[in-house]
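Asker: With chain A fixed as given, assemble chain B onto it according to the hints.
Chains A and B, in that order, give the protein sequences.
If you're matching positions, the first sequence starts at 1 in my numbering and goes up one per residue.
If you're matching positions, the second sequence starts at 1 in my numbering and goes up one per residue.
To be clear, the hints were calculated from the coordinates, so they are not data collected in a lab.
Fair warning: there could be bad hints in the mix.
[To be verified] FRET-style restraints, in silico, Cβ to Cβ:
{"no.": "1", "chain 1": "A", "residue 1": "Met216", "chain 2": "B", "residue 2": "Arg177", "range": "43 to 53 Å"}
{"no.": "2", "chain 1": "A", "residue 1": "Met145", "chain 2": "B", "residue 2": "His259", "range": "47 to 57 Å"}
{"no.": "3", "chain 1": "B", "residue 1": "Ser27", "chain 2": "A", "residue 2": "Ser16", "range": "50 to 60 Å"}
{"no.": "4", "chain 1": "A", "residue 1": "Met216", "chain 2": "B", "residue 2": "Arg117", "range": "20 to 30 Å"}
{"no.": "5", "chain 1": "A", "residue 1": "Leu155", "chain 2": "B", "residue 2": "Glu229", "range": "41 to 51 Å"}
{"no.": "6", "chain 1": "A", "residue 1": "Thr14", "chain 2": "B", "residue 2": "Arg117", "range": "14 to 24 Å"}
{"no.": "7", "chain 1": "B", "residue 1": "Phe198", "chain 2": "A", "residue 2": "Arg244", "range": "36 to 46 Å"}
{"no.": "8", "chain 1": "A", "residue 1": "Leu28", "chain 2": "B", "residue 2": "Tyr12", "range": "58 to 68 Å"}
{"no.": "9", "chain 1": "A", "residue 1": "Met145", "chain 2": "B", "residue 2": "Phe198", "range": "43 to 53 Å"}
{"no.": "10", "chain 1": "B", "residue 1": "Ser11", "chain 2": "A", "residue 2": "Leu23", "range": "51 to 61 Å"}
{"no.": "11", "chain 1": "B", "residue 1": "Glu15", "chain 2": "A", "residue 2": "Met212", "range": "46 to 56 Å"}
{"no.": "12", "chain 1": "B", "residue 1": "Arg117", "chain 2": "A", "residue 2": "Ile324", "range": "40 to 50 Å"}
[Stated by the list, open to error] Chain B stretches covered by chain A per the calculated footprint, using a threshold of three residues with CB under 8 Å from any CB of chain A:
{"no.": "13", "region": "64-78"}
{"no.": "14", "region": "90-97"}
All values reported here derive from a predicted model rather than from experimental measurement.
C-beta: ideal position from N, C-alpha, C; glycine also.
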Amino acid sequence: MKFRIPMGLKKLSTSSLLVILPLIVFLLSFIIGHHSISLTTVINILAAKFLPLEPTWPPLLEKVVLQVRFPRIVAAMLVGAGLSAAGAAFQGVFRNPLVSPYILGVASGAGFGAALAILLSDSLILVQVSAMGFGILAVVLTYGMSSVYKSAPTLVLVLAGVIVGSFFSALISLIKYLADPYEKLPSIVFWLMGSLANVNPDVLFTIGPILMIAVMLLVLMGWRINVLSMGEEEALSFGVNTKRERAFVVVLCTVITAAAVCLAGVIGWVGMVIPHICRMLVGPDYRKVITASISIGACYLVIIDDLARALTSLEIPLGILTAIIGAPFFAYLIMRNKVGW
Amino acid sequence: MAIDVNNATFSYDEERPIFRNVNFSVSQGEVLCLLGPNGAGKSTLIRCLNRLLPLSSGTVFLDGQDISQLSRRQIAKKIAYVPQSHIPAFPYTVFNVVLMGRTAHHGFLASPGKKDRDIAEQAMESLGITYLEHKPYTQISGGERQLVLLAAVLAQEPEYLLLDEPTSHLDFGHQTRLLEVINRLSKQGMTVIMSSHFPDHAFLTDGKVAILKEGSLVDIGSAAKVVTETNIRDTYGIEVLIGPVAGRHDVITCVPVMHGYKESC
Numbered sequence: 001m002k003f004r005i006p007m008g009l010k011k012l013s014t015s016s017l018l019v020i021l022p023l024i025v026f027l028l029s030f031i032i033g034h035h036s037i038s039l040t041t042v043i044n045i046l047a048a049k050f051l052p053l054e055p056t057w058p059p060l061l062e063k064v065v066l067q068v069r070f071p072r073i074v075a076a077m078l079v080g081a082g083l084s085a086a087g088a089a090f091q092g093v094f095r096n097p098l099v100s101p102y103i104l105g106v107a108s109g110a111g112f113g114a115a116l117a118i119l120l121s122d123s124l125i126l127v128q129v130s131a132m133g134f135g136i137l138a139v140v141l142t143y144g145m146s147s148v149y150k151s152a153p154t155l156v157l158v159l160a161g162v163i164v165g166s167f168f169s170a171l172i173s174l175i176k177y178l179a180d181p182y183e184k185l186p187s188i189v190f191w192l193m194g195s196l197a198n199v200n201p202d203v204l205f206t207i208g209p210i211l212m213i214a215v216m217l218l219v220l221m222g223w224r225i226n227v228l229s230m231g232e233e234e235a236l237s238f239g240v241n242t243k244r245e246r247a248f249v250v251v252l253c254t255v256i257t258a259a260a261v262c263l264a265g266v267i268g269w270v271g272m273v274i275p276h277i278c279r280m281l282v283g284p285d286y287r288k289v290i291t292a293s294i295s296i297g298a299c300y301l302v303i304i305d306d307l308a309r310a311l312t313s314l315e316i317p318l319g320i321l322t323a324i325i326g327a328p329f330f331a332y333l334i335m336r337n338k339v340g341w
Numbered sequence: 001m002a003i004d005v006n007n008a009t010f011s012y013d014e015e016r017p018i019f020r021n022v023n024f025s026v027s028q029g030e031v032l033c034l035l036g037p038n039g040a041g042k043s044t045l046i047r048c049l050n051r052l053l054p055l056s057s058g059t060v061f062l063d064g065q066d067i068s069q070l071s072r073r074q075i076a077k078k079i080a081y082v083p084q085s086h087i088p089a090f091p092y093t094v095f096n097v098v099l100m101g102r103t104a105h106h107g108f109l110a111s112p113g114k115k116d117r118d119i120a121e122q123a124m125e126s127l128g129i130t131y132l133e134h135k136p137y138t139q140i141s142g143g144e145r146q147l148v149l150l151a152a153v154l155a156q157e158p159e160y161l162l163l164d165e166p167t168s169h170l171d172f173g174h175q176t177r178l179l180e181v182i183n184r185l186s187k188q189g190m191t192v193i194m195s196s197h198f199p200d201h202a203f204l205t206d207g208k209v210a211i212l213k214e215g216s217l218v219d220i221g222s223a224a225k226v227v228t229e230t231n232i233r234d235t236y237g238i239e240v241l242i243g244p245v246a247g248r249h250d251v252i253t254c255v256p257v258m259h260g261y262k263e264s265c
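Bound-form chain B, shown alone:
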């Protein structure tokens, strides 16, 4: 049970690849945190793992099966995806949006049934958003929308979860709670691949970290090995301090060093 990415290259125009020769694998229950500067190709890579975009060359293997040979429905039963942001066209109720996560589990001309509705209810409950149930999806905040889409993909009951900057619209409390949900899911056996802008997320989810820079995977491994002061400087061009929080040696954090701060010391 694993997702294996083999020599993956993607380009829109056959000339300038968005990313090239990317190799990695994530096994069941692992969390992979994808770091990298804006425009590094993180979102594109995540879309390719779900075949929302077809790879130009290379292969994505899902439990040993080449993803390009699977139907949309087969893929959806295994992998779920939450986009960075979503602009809705019609004001469906939050509940109906969550219910859409069940689409892969019922027939072509069928509608969701009682079992699907129960699973959707549970998914909302597990994220604590049942109170949004009857609200129009268009009239909630961007952060709430991200949680609703997460509930929808939980209702999808996948084995793999792709999250494109899942915390980007969330407040500090929701960010932390979301990371807790991710850790809980991974303990239950869910494989999670998420992109993030915060090196701290790598420590908090305690999984693998990969750094994508200018379309190449420059490093991959445990958070302690990859999230280093050198790597962060090379990736983002800023100075950081990485170390345990005072009084708690098991809590590691990454803090940027501001230039002004340095001079005043």
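Chain A extracted, bound-state conformation:
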């Protein structure tokens, strides 16, 4: 009985931490950047949106906070939360902790879509739309290819994802080879490394809600993902229509990753590793892992993006930072904890 109370407290503190942490990171991120703005000013500017406050701050700062930093921070949180939640769900559905949200070829498809659009036009919106479209197309191809086989559905699906992924990777290389090396090629390369520097508020407020709805549905799917991760036959005999429910998870995750790619390009590593960190924190139950992934994933990507903005005058692409900072951190966690998956 003695252990009951501390354990309960620990549970409470973990879950409240998962709520409070993103809020703190969210607010503190507004301070970082070229213009120095105090936390009080940030809070006042944000509060003035809802409360009748007299503006005591220069209009320039308001513009920086609301039109530059706000969309960027929100986008970072959405992308981080979305990729992590999708990664967690995929790891469960594919019964494999090494799976990332890009396993079904979204990243290569989207990369090809973006590269093609950069090659053929100068419109940023077109690049985003093309990336999203080809990302979804890649998953549709993967799924179509796998549905031909009757047995070992998840294995064939992953294999089909590898095939589609390498096909689109080759097409990306082809476009890089053909692209003008002084103008187009650098944009393609930078796009592929991921960035939140060019988040368009209009795009964010169109795609953001879609991403959020899909993530919410994934949270509700938590228990079904637990059952699906027990294996095909076990899930079937527990009364799960595995084919339909797996397809539902794949659709949700594809919407999420395609939306994330549309906002920020291809950002690797987050979707694979954050679920592991969350499993160390809250255990293997997907009802908790997905919720925790949303919180920790959002924090992680915002912090990484803050570093990208603050470290050097030249912005370091996100895809590079997520791995350079994330890999050693993850290695440290693995060595410190006995991880049982």
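Answerer: Only chain B this time, still in chain A's reference frame:
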């Protein structure tokens, strides 16, 4: 209330059937013990009864309804299945695994509630494995895992129970206790179909026995009628003695006759 198997045939490749033209029926509260050599098709047949594999031809009727017309959820509310062994991917607690048995009873986007947790607790208690509750499912023995899955299917509250070699990983004590659980469930009205490698299990569960050999059902009936020295010789190619244990005429057992033993006599 019965499960009826009608002309059931299954093959993976349309050519070599795993089993063919199998006919039998098991009524409510009966225990059917499926005997047969390795590779006879016992596990495949059991999977087909639950439509984990679709029959190539023939029909399985569950309380008169064709099983191929039922949804997964409808099937799960009636039939539960425990596989021979299960390799888990994630270290869920034993309690959560048992709770998964409740999946068919709550909605698509819902999680198990208080009632489900109570039923899961009871299921673990009835098998005496409550002490495993908080342990990771990956870190218990194969035998314990079989008991945990059995608790999960009890929480499922089915009318039919399919057990694929339920005793294969259990020690002698657990084997016996499991057979006692099966007898108790059958008295409560549960229909049990289990495959086994031990002819003794047929006597101990005192139900029907079926022998599957090379994909055909060669004999079915009461244990006393089917588990005979001739049948066992034809099925497994070994000599056995079947008879009452000294001093207890109601306890029948089946013992193999070793060749070395025979010569020395």
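Asker: Hint by hint, say whether it matches the structure.
Answerer: Structure-based check of all given hints:
Between Met216 of chain A and Arg177 of chain B the Cβ separation comes to about 45 Å, which falls inside the hinted range of 43 to 53 Å. Look at Met145 of chain A against His259 of chain B: about 56 Å separates their beta carbons, and that is inside 47 to 57 Å. Distance hint check: the CB atoms of Ser27 of chain B and Ser16 of chain A are about 56 Å apart, consistent with the given range 50 to 60 Å. Range check, Met216 of chain A to Arg117 of chain B: Cβ separation about 24 Å, and the 20 to 30 Å hint holds.
The supplied range of 41 to 51 Å is met by Leu155 of chain A and Glu229 of chain B, whose beta-carbon atoms lie about 46 Å from each other. For Thr14 of chain A and Arg117 of chain B, the hinted distance range of 14 to 24 Å is satisfied, since their beta carbons lie about 21 Å from each other. A beta carbon spacing of about 40 Å between Phe198 of chain B and Arg244 of chain A agrees with the range 36 to 46 Å that was offered as a hint. For Leu28 of chain A and Tyr12 of chain B, the hinted distance range of 58 to 68 Å is satisfied, since their beta carbons lie about 59 Å from each other.
At about 45 Å, the beta-carbon gap between Met145 of chain A and Phe198 of chain B stays in the expected band of 43 to 53 Å. Hint check: Ser11 of chain B to Leu23 of chain A, Cβ distance near 60 Å, so the stated range 51 to 61 Å holds. In this structure the supplied range 46 to 56 Å holds for Glu15 of chain B paired with Met212 of chain A, their Cβ-Cβ distance being about 52 Å. Against the hinted window of 40 to 50 Å, the Cβ-Cβ separation of Arg117 of chain B and Ile324 of chain A comes to about 44 Å, which satisfies the hint.
Against chain A, the region 64-78 of chain B contributes 6 residues with a C-beta closer than 8 Å to a partner C-beta. That satisfies the three-residue criterion, and the hint holds. Note: the region 90-97 of chain B has 6 residues with beta-carbon separation from chain A under 8 Å; the three-residue rule is met and the coverage holds.
Comparing the model with each numbered hint stated earlier shows that all of them hold.
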